[in-house]
Every structure is written in C-alpha cells, then in structure tokens.
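Each chain, letter by letter, is given below.
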Amino acid sequence: MVEDVIEKKTVKVIKVDVDKCIGCRACELVCSAFHAEPKYSSTNPAKARIRLIMDEFNDIYIPLYAGEYTDAECNGRNVYTIDGKTYDECTFCRASCPSRDFFKDPDSGLPLKCDMCLDDPPLEEPLCVQACRCDALTYEEVEQEEEKEESPDEMETGLQSLVKKHGTKKVMESLARISKEAD
Amino acid sequence: MRYAETGYNLEIDLTRKNIEKVATDPRDTELYLGGLGTSAKVLWDRVTPEIKPFSEENLLIFSAGLLCGTPAVGCNRTIVSTISPQTELMAYSMMGGFFAPELKYAGYDKVIIRGKSKKLVYLWIHNDKVEIRDASHLKGKGTVETAELIKKEINDPKAHVAAIGLAGENKVYYASVEQGRSSASRGGIGAVMGDKGLKAIVVRGKKDINIARPGEYIELCDEVLNYIKFREENPIQGVPPILAGLGSPQEMKIHDEKWHTENFTWGNARERRKDFWTEEVAAKWSESMDKVQTRLLSCYNCPMQCGASINVPGISTYMMKCYSKLTYTMAAFSDLDFGFKIVQRATEYGVDGFTTPQVMAFALELYEAGILTDKDMPGMPSDSEGRFYWLLDKIVNREGIGDILANGTYWAAKKIGNGAQAYAHNNIKKHEQLPLKLGMLHPLYFVMYCTGEKMNITQIEGNFPQSPFATQEDKEAFVKDWFQVPDDKFKQYLLDWEMRGEKSIPNYPTPQMTSEIVDWQERMHYIDDSLGMCAGLSSFPLKPPYHMHNYPKFISAATGMDMDEDKLTQAARRNRTLIRAFNIRRGMSRKDEKPPEDHWRKRFPELEKELLDTYYAFRGWNEDGVPTKEYLHELDMDYVSQDLEQRGLLK
Ligand code: SF4
Ligand code: SF4
Ligand code: SF4
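Respectively, the protein sequence lines represent chains A and B. Just so we're aligned: 17 in my numbering is position 17 of the first sequence, and the numbers increase by one with no gaps anywhere. Just so we're aligned: 674 in my numbering is position 491 of the second sequence, and the numbers increase by one with no gaps anywhere.
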C-alpha cells in the first residue's frame with residue numbers, strides 16, 4: 001500500500017472582497033485576453049475563468065472563479081435568499097456543469113477552469129488581480145502542508161467532459177480523424 | 184479577418200419586421216474610424232433633409248466605437264444617433280456602461296433601425312440569433328423595471344438592456360434611453376425610439392474581438408492604467424476638486440459642491456447664489472450623500488467609479504451618474520435629499536437630466552409671471568418640490584400643460600406665446616444648455632457654444648484649462664508635465680494667459696489661438712466618439728491618459744491600420760465636417776450659431792464676429808459656416824460638395 005505523501009506546498013490564494021467590487025468586469029476581460037491564442041490576441045468575457053455575478057438592484061457583485069468540471073449535475077437544489085430576493089443555488093456555484101453554460105468555452109463547449117494564470121516565467125500576480133484596481137481581488141501565497149493529490153490537467157478535464165457527452169467511441173473516432181487531417 | 188471591429192452591422196426594419204446582417208466596407212473605417220464617424224456617414228447617405236424625426240425613414244443607430252470590447256481602459260461608449268425632434272438636426276448622445284462591448288461580442292458594430300412597429304416591441308440580439316419580440320406587457324413600465332423584467336424573461340442575467348420609459352413611449356422631446364448606470368439623454372433620442380415602437384434593445388454576446396498586434400496593444404493599455412494611477416495620486420493643483428481628477432466627472436465621490444452650486448445658476452438658469460456653500464450646507468449634503476449611496480460603480484473595464492447605486496428608503500434602488508444629482512436640486516431651489524428622490528422617478532420615466540429640470544423651472548417662472556395660470560395648472564401643489572413631481576408626471580404623460588412642456592422650452596414658449604419666449608432664454612439651436620450665467624465673454628466658450636454640433640458644452644470643451652491660473656508659478660507647474668498638448672505652442676498660450684489686463688478674456692486667447700484651441704478640444708471629442716472612448720478619460724478632463732500622441736498607436740495596434748497623428752487629425756476633421764454638412768443640408772446656418780442671449784453680461788459684437796469668421800476660415804468653412812469645396816476635396820469628401828452644390832447650398 002502506498003503512503004500518502006505529505007508535502008510542503010505554496011498555495012496561491014486569491015482573496016475576494018465583494019464589498020469592494022465596483023462591477024467593472026475588467027477581471028473577465030483580461031482573463032479572456034490572457035488565455036487567447038496567441039496571448040492577448042482576442043477578448044471575449046464569455047471565455048473568462050472568472051465571472052462577475054451582478055444583480056445591480058440588489059447590490060450583489062460577486063466575482064466567481066471557475067472551479068472543477070463536473071460531469072453530472074447535482075441531485076438537489078438549494079435556494080438562497082439575500083435581501084429578500086431568492087437565488088437558485090446554481091447562481092453562485094463554481095462548477096462547469098452540464099446543466100448550464102457557465103464556464104464553458106462558447107465555441108467548443110469545453111469546460112473552463114481558473115489556472116491562476118499559469119505562465120512561463122510565472123506572473124507576479126494573476127492577471128485578474130492586476131486588473132482589479134480597487135482591491136476586490138488580492139493575491140497571496142501561503143505555505144501549506146498538503147496531501148499530494150493527482151489532479152487531471154486541463155486537457156484531460158476537457159476530454160473527460162467530451163467522453164461523457166459523446167461517448168468514448170465517438171471521441172476516439174473524431175480524434176483519429178482530426179489527427180489524420182492534421183498530418 | 185477584421186481587427187477591433189466586427190465588420191458587420193445589423194439592419195432592422197421594424198415596419199417589415201426584417202432583420203439583416205450586413206458586412207461593412209473596411210475603407211469606411213479608414214476614413215471615419217467607427218462609432219459616430221461611420222454612423223454619420225450612414226445618416227448622410229440615407230437620411231435626406233426631407234426626412235423628419237418621426238418619419239418611418241428616419242434611422243436610429245446604436246453604435247459601438249471602434250475600440251469598444253478591446254482591453255482599452257474605459258472604452259465602452261455606445262453612440263446613439265438620429266434626427267432630434269427638438270432641433271431637427273443630427274442628435275447624437277453617448278452612453279457608458281456595458282452595452283457597446285456586449286454588442287461587439289455579439290458580432291456587430293452597429294444596430295441600424297428603420298421603420299416603425301405598430302405594436303410595442305423589443306429587440307433581442309443574442310449572437311447570430313436576433314428576434315423582434317412583443318413588448319406589449321412592458322408598456323408604461325419604467326426603464327429599470329423593464330430591464331429587470333426582460334432579463335428574467337430571456338433568463339440571462341448577463342444581458343444588457345437599453346430601454347425607454349414612459350417619456351420615450353409618449354415622445355417627450357427630451358426622452359432618454361437608459362441602460363443600467365448610464366443613459367443617452369441629449370437630443371430626444373428616446374422619443375424617436377418610442378415613435379418606432381421600440382421599447383428596448385437587449386444584447387448578449389459570446390464572440391471574440393480580435394487585436395492585430397496584441398503585445399503592443401496590451402502594453403499601451405498598461406501605460407494608460409499606470410497614468411490613471413499617477414493622476415489619482417497627483418491631482419491637479421490650483422483648480423476646484425471637481426476639475427482636479429479624471430472621470431466624467433466624479434460627482435458620486437466628491438462631496439464638495441462649492442464650485443457647481445455657486446457658479447451654476449438655480450431655478451430657470453437665472454439666479455447665482457454666490458454664498459451658498461456654507462459649512463452647514465456642506466455637512467448636511469455630505470450626510471445626504473452617505474446615507475443613500477450603497478456602492479460606487481464603474482462602467483465596463485474602467486477603474487474610475489463615476490456612478491453609484493442609490494438607495495433612498497421607501498423607493499426602489501437605482502443607479503446615478505454624474506451631474507443629475509444637482510440639476511433637479513438646483514432647479515427647484517431644494518437640497519440633495521430631494522434630488523436623490525426625484526432622480527429615481529426621472530430615471531424610470533427616462534428623461535434627460537439637463538433639460539427636464541430646466542423645463543419645469545421654466546413652467547414655474549411662467550406661472551409666477553402670470554403667463555400660465557391656475558387654469559393651466561389644475562391641482563398643482565403649492566410647495567416647490569411637490570410642483571416638480573406634479574410637473575414631471577404631467578410632462579411624461581403629456582397631460583394638459585404637460586403636453587406642451589414635453590416639447591422643451593423653445594417649442595413650448597412658442598406655443599404658449601404671450602411673452603413666454605423671453606423665459607426660454609437658455610437655448611442654443613432650440614436645445615436647453617447648462618444653467619450658467621457669467622460676466623465677461625470668454626472667447627473659447629463663445630466659439631464652442633456657437634458652433635458646437637453636439638449642442639452640449641461638456642461634449643465640446645476639455646483639455647485646455649477653462650481659466651488662467653492665478654500665479655506664474657501655478658502656470659509653470661501646470662505646463663511642466665503637460666505632454667498631452669498636440670503642439671508646444673499651447674503651453675505658451677497658457678503661460679501668457681492672465682486673469683486681468685491685456686492678455687485676459689475677451690481678447691486673449693486671440694481669435695487665431697482660440698480657433699486652434701477649440702480645434703484641439705473638438706478633435707479629441709470626435710476621436711473619442713468614434714473610438715467609443717469615455718470622454719472622462721480623454722477629451723473632457725485636464726491631462727488625460729489618452730491624447731493625440733498615444734491614440735494613433737492604439738488605433739494601429741488594435742486594427743492593423745497604418746495610423747499617425749496627421750491621419751488621425753484628418754479623420755477627426757472629416758467626421759466633424761460631415762456632421763456639419765449634414766446639419767447645413769437640414770437648414771442650419773450662421774444665424775443659428777449664437778449663445779443664449781444672457782449667457783454673458785458683457786458682449787462684444789465686433790470681436791464675436793471676428794471670432795466666428797476666424798474659426799470658420801480655420802475650419803475650412805466659408806463665411807456662412809458651410810465647408811468649402813476645396814476643404815471637402817482635401818478630406819476626400821467630394822460627394823458632399825456635389826450634394827451641397829446640387830442643393831444650392833454651396834456655390
Ligand atoms: S487567476 Fe488568471 S486564470 Fe484565474 S480567473 Fe484570474 S485571470 Fe483568469
Ligand atoms: S475587476 Fe475587481 S472590481 Fe472589477 S468586476 Fe472584477 S472583481 Fe469587481
Ligand atoms: S471614467 Fe467614469 S464614466 Fe468614464 S468609463 Fe470610467 S467609470 Fe464610466
């Protein structure tokens with residue numbers, strides 16, 4: 001049996017202070033630009049890995065980061081009431097999930113997940129934090145002891161979601177065809 | 184591939200319920216940039232002078248600017264243009280917020296609307312899916328209420344809605360189009376939208392906007408952000424707080440209203456209260472502000488926070504921007520508590536925050552003068568605030584006297600007669616102006632007021648200080664890092680400008696200098712309106728982050744077009760001239776180019792003539808204010824001179 005490995009790890013933390021948010025959506029814009037191919041060559045907030053949940057007349061401004069991909073929607077639903085207005089639980093959920101089009105690439109349908117602006121060389125601060133000029137988003141690095149856990153990379157997550165949607169066979173066929181065309 | 188722009192317009196015919204996506208000509212982008220410029224071209228080509236504001240053939244154009252949707256900070260303006268019912272000339276008004284970038288992400292640069300729908304409808308633009316939908320259930324609903332209802336109906340909280348309220352539906356000549364925290368208010372654009380039977384345009388987009396040279400572009404954007412930060416830390420010295428910073432202007436953040444309340448006039452733009460701002464007032468007004476503001480807000484991709492959500496107990500939340508906080512307050516000789524309350528109702532109705540309070544104060548003056556009587560005002564309350572609410576309701580519903588007042592002071596005075604015209608004293612080209620009454624004629628402002636095609640001084644003035652600095656040290660400190668000037672000579676003009684004596688107003692700046700300064704300020708505004716840039720970061724404040732030197736780089740990097748300062752100047756002048764020609768074709772002429780009669784107490788007819796003559800000549804216009812054939816040729820606009828010649832407007 002393999003022991004869990006305990007490792008010291010630097011954890012990147014983005015702190016969100018919703019009271020400071022001014023609703024400018026600069027975070028969405030810049031995130032989409034950073035992840036464009038080539039970098040900054042296009043913008044499209046629908047492709048951002050952060051999404052401002054904005055309900056202006058109830059003073060709700062919540063920047064939400066794209067979390068894990070989930071292949072099945074939740075069984076239950078909760079309802080939140082804030083200042084007398086009710087919100088579906090999904091409103092504040094971070095998952096890229098089959099039941100809605102949040103955090104999915106609008107062109108390919110592939111799930112999007114915040115990668116903390118992974119870059120080489122690494123950025124000093126994630127781009128959304130840099131774009132947020134009123135400190136609603138701030139960045140910190142903290143040391144933490146952690147159990148090592150393998151997490152699928154972005155491509156794998158994407159493939160998993162495709163497999164779930166279309167079945168292994170179809171995905172394999174498409175892959176074979178695409179790679180042939182590419183050759 | 185098209186860069187920065189989408190390369191498509193959406194053509195909507197409301198009579199035939201026809202929807203078309205039309206590719207645009209990239210050459211038009213080179214000549215007119217986009218936004219206001221390309222809209223003016225469409226209006227020139229398709230709206231001939233016979234077409235009236237409420238004709239089926241009148242177009243209503245919602246346009247994003249060339250750089251909207253790109254990472255350029257504060258570039259989020261929607262430019263709405265049509266024929267104004269009030270002036271019968273081209274109306275164009277800009278709104279901030281989120282609409283323009285969203286439209287670009289949906290894949291369109293403009294929505295061009297023609298025809299009329301018999302039933303009230305709204306337009307739902309969702310990428311390639313565009314629908315004309317029934318809006319009969321939204322009839323009479325407020326602008327904020329409408330937006331919320333539509334978002335629920337289409338089940339997309341991220342859609343953006345530009346809507347009219349009851350004022351637009353009833354074709355009030357100064358009805359606005361409201362969009363969240365912003366509005367396109369001037370010129371009665373909302374009335375044209377109402378006449379077309381269009382309650383709202385709703386947009387949601389999920390497509391890419393492409394940048395030609397991304398690395399270069401993002402660097403330019405970073406420079407702008409850094410300079411904004413620098414300017415926040417280094418406000419301009421020697422000017423009132425409202426002029427010291429950037430933004431459009433920062434009415435929600437700034438509590439010190441000495442400058443506005445003592446320099447601008449109260450009531451029907453007549454009374455100046457030079458000792459109004461006492462410590463007591465300051466304390467009370469600060470308290471009023473703090474009590475109702477729940478959050479400061481920005482437009483898309485901008486850190487400036489010029490807007491705020493306002494929560495007055497007992498009435499529903501709304502968002503306020505800029506100066507409307509003071510216009511109702513001052514017109515009614517009231518206080519901020521009243522101002523914050525009535526603006527909520529005015530926003531739901533969708534009316535212009537400049538013209539509306541002025542019309543109401545005008546009506547009350549007529550009443551006090553006995554020109555309007557109790558017969559005209561049945562049931563009007565006796566207190567000033569009550570009267571303002573009463574009048575607002577009458578106007579928006581076009582009930583009784585409200586039906587006449589709904590056309591603005593110029594048309595109302597004409598209709599009422601009996602000496603009423605003397606009370607409609609604050610108009611230029613039939614349009615209500617800022618409530619200002621000053622002493623000595625100011626050459627810059629004289630030219631801008633007379634010739635400004637935008638009818639609104641805040642959209643013409645800008646980068647050059649309004650008045651000279653008091654001391655030589657202040658002047659030198661100001662020009663030291665004034666790199667925004669298009670030419671160093673402007674620094675000298677400012678250094679030499681004195682409060683008193685030979686080199687003071689009205690004779691200095693000289694007519695030639697005046698023309699050059701006005702040209703610079705206008706150029707910046709016309710560029711902003713074509714790019715979709717907020718004036719608050721560019722043409723309006725002193726020392727802005729966008730200017731003649733970095734704009735060509737922005738445009739080149741974003742679009743891939745080859746742009747330099749000369750070409751950009753040429754494009755701005757082309758747009759300015761095209762709009763002038765459009766209005767000339769609709770009957771505007773030199774005789775219309777005058778400020779409100781009592782705007783300045785001291786007037787100088789000879790100097791004024793010289794100022795206009797010099798400016799016209801500098802502009803390439805003849806002495807009637809019509810662009811000359813040679814100048815039009817220089818600007819690649821022979822098609823304009825041909826048309827003007829055919830109509831006998833140019834010989
Ligand atoms: S950290 Fe980077 S990837 Fe994550 S939301 Fe912010 S900008 Fe996007
Ligand atoms: S950039 Fe900051 S202030 Fe702007 S929407 Fe994002 S979190 Fe809010
Ligand atoms: S400066 Fe103010 S008005 Fe202009 S875009 Fe920014 S927040 Fe909006």
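Derived by calculation from the structure, the hints in this document are not laboratory data. Check each hint, because a few of them may be wrong.
Said to hold, decoys possible - With the Cβ distance kept under 7 Å, some of the chain A side facing chain B (calculated, not the full set):
| hint | residue |
| --- | --- |
| 1 | A33 |
| 2 | H35 |
| 3 | A46 |
| 4 | D59 |
| 5 | I62 |
| 6 | F102 |
| 7 | P106 |
| 8 | S108 |
Just so you know, even glycine gets a beta-carbon here, dropped at the ideal spot from N, CA and C.
Right, here's what the structure says about each hint:
no.	hint	result
1	A33	holds, 6 Å
2	H35	violated, 11 Å
3	A46	holds, 4 Å
4	D59	holds, 5 Å
5	I62	violated, 12 Å
6	F102	violated, 10 Å
7	P106	holds, 4 Å
8	S108	violated, 12 Å
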